[in-house]
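Asks: Sequence:
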Amino acid sequence: MLYSWEINNIFNKNSNVIFFSLFIACIITLLIFLIIITIYKKIMQLIAKSIDLIDDIKKSPLKYRVERVAKIFEETGNFENEFMIWRTKYEILYEKEFLKIFVDFWNLLENKKTTSPNLKNIKLYNEIYNRLINVNKNVHLVYIEIMNALQMEFIQRDTLTFQKDLFKSLKDEVIMTTFKDIKINDGKLSNTIESIEELFEDFYYNLDIGKYKESWETLLKIDQALIFLIELLDSIPYIISTIQNVIPQHMIDLKNKYVTFGQNKGKLKANANKYSELEFEIDKSRVKINNELLKLQYKKAYKWLNQIFNKINEFKVIFEEEDNIKTFFETKIDNIREIFHAISNAVYAVDKKFQEYEPFSKTPSPDKMEFEIVKKNFHSTKSRADLIFSEVDIASSKGGSLNFVDLKNKLLDVMRDSVNDIEALEKSIKALGRKSVNTDSIVNQVIFIKSCLNQCNVKIRQYKSILELEKFVTPIQDYFTQISKYTKTYISKIKTNEEREYVKKEVDSILKDVTVLITDLNDSIFLDYISQEIIIYLERYVGIVPNIEKVIYDCENLFKSRNLEQLIGYSLKVMGTIKKNKLR
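Numbering follows this note's numbering, with no gaps: position 58 of the sequence shown is 58.
These are calculated hints, taken from the structure and not from any lab test.
Please read these numbers as outputs of a predicted model, since none were measured by experiment.
DMTMM-like mimics (lysine to aspartate or glutamate), calculated; alpha carbons at most 25 angstroms apart, straight line: (1) Lys573 x Glu556; (2) Lys123 x Glu97; (3) Lys427 x Glu370; (4) Lys382 x Asp413; (5) Lys221 x Glu231; (6) Lys123 x Asp104; (7) Lys573 x Glu539.
Sequences are here, hints too, so could you generate the full structure?
Replies: Have a look at this one:
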């Protein structure tokens, strides 16, 4: 009630009503002003954005890309279809759509009413802005298409930028190299630099007219030329430093170790001569290296440099190898003697065997003639080996010196020939094997036959109930008697192939008969077994198949009378009928 009274009291006074009305009016005016300001701000924002877009479209590099494609088309004929499409799109976008939008936008700005704060003007400027966005988007798409087509050009330009910087650095290094105390053909080096600069010019020419394949090939040539220049500038100081400092130091070390302060005084003169020969060869190689560097042929210079190092290493190896060879001869020579002794014994044994099989009265066979050649060659090889052994023995007993390197080479030749002799000897041994009488197979066959007969006896005892097996007892005993006479002692007395073939034929005949006996024995056992199984099978159908009891009774009678084959034939018809009924 109190609040209601206060409100009524306010409106009952005229002054209060006036002030309240003024307050409401001010609020409404403020709201209207804010709405107008907001609309005006939106219009100004759209105008500013449109101006920015117009500026972006005008500054787009699309024009220059189209001009670049036009130049390539004029020079090479490439991008014919693409150029027509891109030029048409450019003309439509700039000369029609963009120009029309610009005129419409200018007309709106000229009309001051269009900047008045109302929603209709916002719509007008928003339409201009959207049209500009669409044009800018299409300009960007065309620009991307052209850039993708010219991508190879920009890749090549980027690559060349790196190569130009590298070439600049290499040129500075070349200039520094010419000032150093290095003998090099300055004219040829300058020609190399000029040829690389010409490659750069060719690249830019081909790239400007759009011959990307040719410019790419030129770029590869520039790359190879720069690689050559880098390797050349890296190699020259190394090669010169090596031939001036490293190699002389190696030569001094060799001279001190093997000539001046050599331990073997007896060989100092020979070592000095070898060192002089090495020094002469290295001096010749140095001259060749300098000549190659003058011609900028650093790879050939490297080749000669490697030859120098190889000669130095060979010189070291010769002396170090002598010590190793000497130790080898001191420790292993007796083993090598034993090897030759063993080969000699083998040759003697094979010779003895050939004499047994082919007495002197007989005409020698081709195998015997080949062995005689092997024996002759081995005797020659052994004579050379004995000469080497005698040299070592004499030097050891008298304390003399030996040329161990030369001795090693001689021994290697002898060992190689001895290996060939051993291989040839193996062939002669195989030939002897073919001539020898091998009775092992006959012994094994006799053992096998006896084993089979024993198994037959075991089966007869195991199946005593099968009467048919009794008929096999006597044949088994007969075969035992026949095969038992071929004992190991009897077979070992066979000396000729004719005797061996005769015995083998007899044993094979017995084996054939025993095989037939085993087959018949197994058939009898199987026949008994299958007859019993048939009777058991038929008993399963008692009460199911009519008159089956009579069939079983007949089969049992046939089994007792041992007419087993008749039993099987009789039961097959019944079992066939049972099978047909089951299928139904």
